[in-house]
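Quick mapping for you: the protein sequence lines, in order, are chains C and B. Residue 1 is where the first sequence starts when you use the working numbering, and the numbers rise one by one after that. Residue 1 is where the second sequence starts when you use the working numbering, and the numbers rise one by one after that.
Note that these hints are calculated values from the structure, not bench results. Among the hints, a few may not be true.
Said to hold, decoys possible - Footprint (simulated), chain C over chain B, 3 or more residues, beta carbon under 8 Å:
1. 5-16
2. 104-111
Stated by the list, open to error - Have a look at the derived ranges for each label pair, beta carbon to beta carbon:
3. L116/B with V42/C: 29 to 39 Å
4. N178/C with L116/B: 47 to 57 Å
5. G60/C with V38/B: 15 to 25 Å
Said to hold, decoys possible - Reference excerpt, derived from the structure (chain C facing chain B, CB under 10 Å, subset only):
6. A35
7. C114
8. I143
9. R188
10. G198
11. E209
Note that beta-carbon positions come from the ideal geometry of N, C-alpha and C, so glycine has one too.
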Amino acid sequence: MSNPFAIWVYLSTSPLLWLTLTLVVWLFADFVSRAANRNPIVNPVLISIAAMGAILVASGAPYQQYFEGAQFVHFLLGPATVAIAVPLVRHRALVRANLLPMAAALVAGAIVACVSAVAIAAAFGAPRQVLVSLAPKSVTAGIAMAVSENLGGAPALTAVLVITTGILGAVIVTPLMNALRIKDYAARGFAVGLTSHGIGTARAFTVDEVAGTFAGIAMGLNGLATSLIVPLAMQWL
Amino acid sequence: MIRALALLLACQLSGEILARALSLPIPGPVIGLALLAVGVLLHARATGADPSRIESTELGRTAGALLGSLGLLFVPAGVGVVQQLPVVGAYGLALAAALVGSTVLTLIVTVYVFLLVKKLTGKAQAGGDNP
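Next up, chain B with everything else stripped away, as it sits in the complex (with noise of 0.2 Å):
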């Protein structure tokens, strides 16, 4: 769990070491993430490794530990934002509206989005699909 860790680690300090360095508009994490998929996927060419089995890892596991809980993680920074409550004055019934309203918009578009451009380039596997 320690090596994975500090690979982990390691992937989000180069990422947000990149991320300053070079200005980009990316948080330091997610530059992380696309090293270790892309240090993942060189190191399985390299030792002939399986990339698919990679849950059985160390990185594996700890990563699915991790994920599990994402919801958790969230925690500490909502209870900071729920006594932020009051900023929301006296514009609560807009904000609402426009959350609620924009929530359900979004998700409604980039579905349709996705599932008719999915359709027209038709290369794409069926393997989303579950029932």
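Same shape as in the complex, but just chain C (with noise of 0.2 Å):
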């Protein structure tokens, strides 16, 4: 039998181990998370996350050798994105409906996200860097790490907020707007794909297709309408 020792090396230097333990971890999530009748407790992100992370500390095997292989799936997000292309024209005739909603939606949603987190983070004391960090956290990571860093943040903060913003607005999105007896799944759609970016649009495709695609159409928004909100909110800082 050939040394465990080197088969270890081949594999933990291999694309193929990560990529495969990716997709086993996501499909044990998934498993847990259907077994709870989607409780939106049992987040598949977060559970996810949680095991291919401890997996990572475990073996001892650093991040750029994860993504190696974990970069293919990563890569799907774009692709993915433009895929709400096809619920999108399904319910076009309702999204029509609803495009003064979404507008005022939009406008209010994005001005709360921001500011109701840089005044609650201020008076707990936190410095300007730490706020300008935390003011674009409800959308993408990309748009948001690039807004951060123009604003002198630290965009390697925004993305920890920005995916803990995601999972939270996943997690709670269904037992509040249920307890708030809130019917309408375009609206509760849209202000967890506003909230909690793509994250949140994963959750609202796990629960409705029209919540799902209200929530694509806000997290395009709220990118476009927090990369001009936040350099404004920010000069009162």
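Fit the two chains together into the complex; they arrive one by one in their own frames, and the hints show the way.
Below, the structure written as structure tokens:
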């Protein structure tokens, strides 16, 4: 039998191991989420990130090596975003009927997302650099990190806050909307896509296709709105 | 599936090129989304196909597969972020309060403004009211 260490050296440096593990860990997390009847607390994104993170720590493999394999999954984010065009076309009549509500909710939501986060953190005494890193936390990591960096924030901190906001919104949205007795899935989806970008949109698609479609639209629109609003809001700081 | 993937990638690529050429503050894939939606509707108009039946096309099935596992696609970036957790540093409590408070507040304000304007304009169809 060949040296097990040699096999490990091959595996840990090959994209195959980390790509396979990413998919298997996701299937496990998705199975757990289904078994829990899609209970929002049992969020498959959170479970996968925690499990995969633990595997990396236990094996001592550096993140760069993991990403060599996982990048193939990461790459699909682009085409998956384009794919939202399909449910958009299918529900185009509903989208057209809700253009005004969407525009108003976008402006209100984008301002509240930025201002409320900054105000709460400022009340706790966080310094300006932390506030700037926090302000764009409701939009996709790519946009948020660029906005944060342009204004003197810390992009790495922004990335942590973006992903955490995504998971928080995905976990909170269903119990919150049920408690408020809101049954309009277009409105529910729009709110979670605006608040929690793609991770909120992923949750919305597992609940209802209309919710997913409106979440996707909100995610795209808020990326634009936040990149305009945050620089303005930060002038007052 | 390959044809559908090629179409999705071509839309993303056109979006990325447009975003850079015109220095738009919108990500390439979001522009690609708009291009694909317009393209599908124009194609349907030209061929007389019913765009509401898009789910059963090759593009529809591929899009359904991607969107059905959308959460998976955030895992690689999320794992990287967990390793950065120490950057939260001394402001962990302030940031936790800000994120929880702001997330709840943003969800509530967004959903109520949406519903209020929908009620005021009154034209919106009841199709979004799933029981």
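task = Determine which of the earlier numbered hints do not hold for this structure and return their numbers in increasing order.
result = Hints 4, 5 and 6 are the ones this structure does not satisfy, whereas the remaining hints hold.
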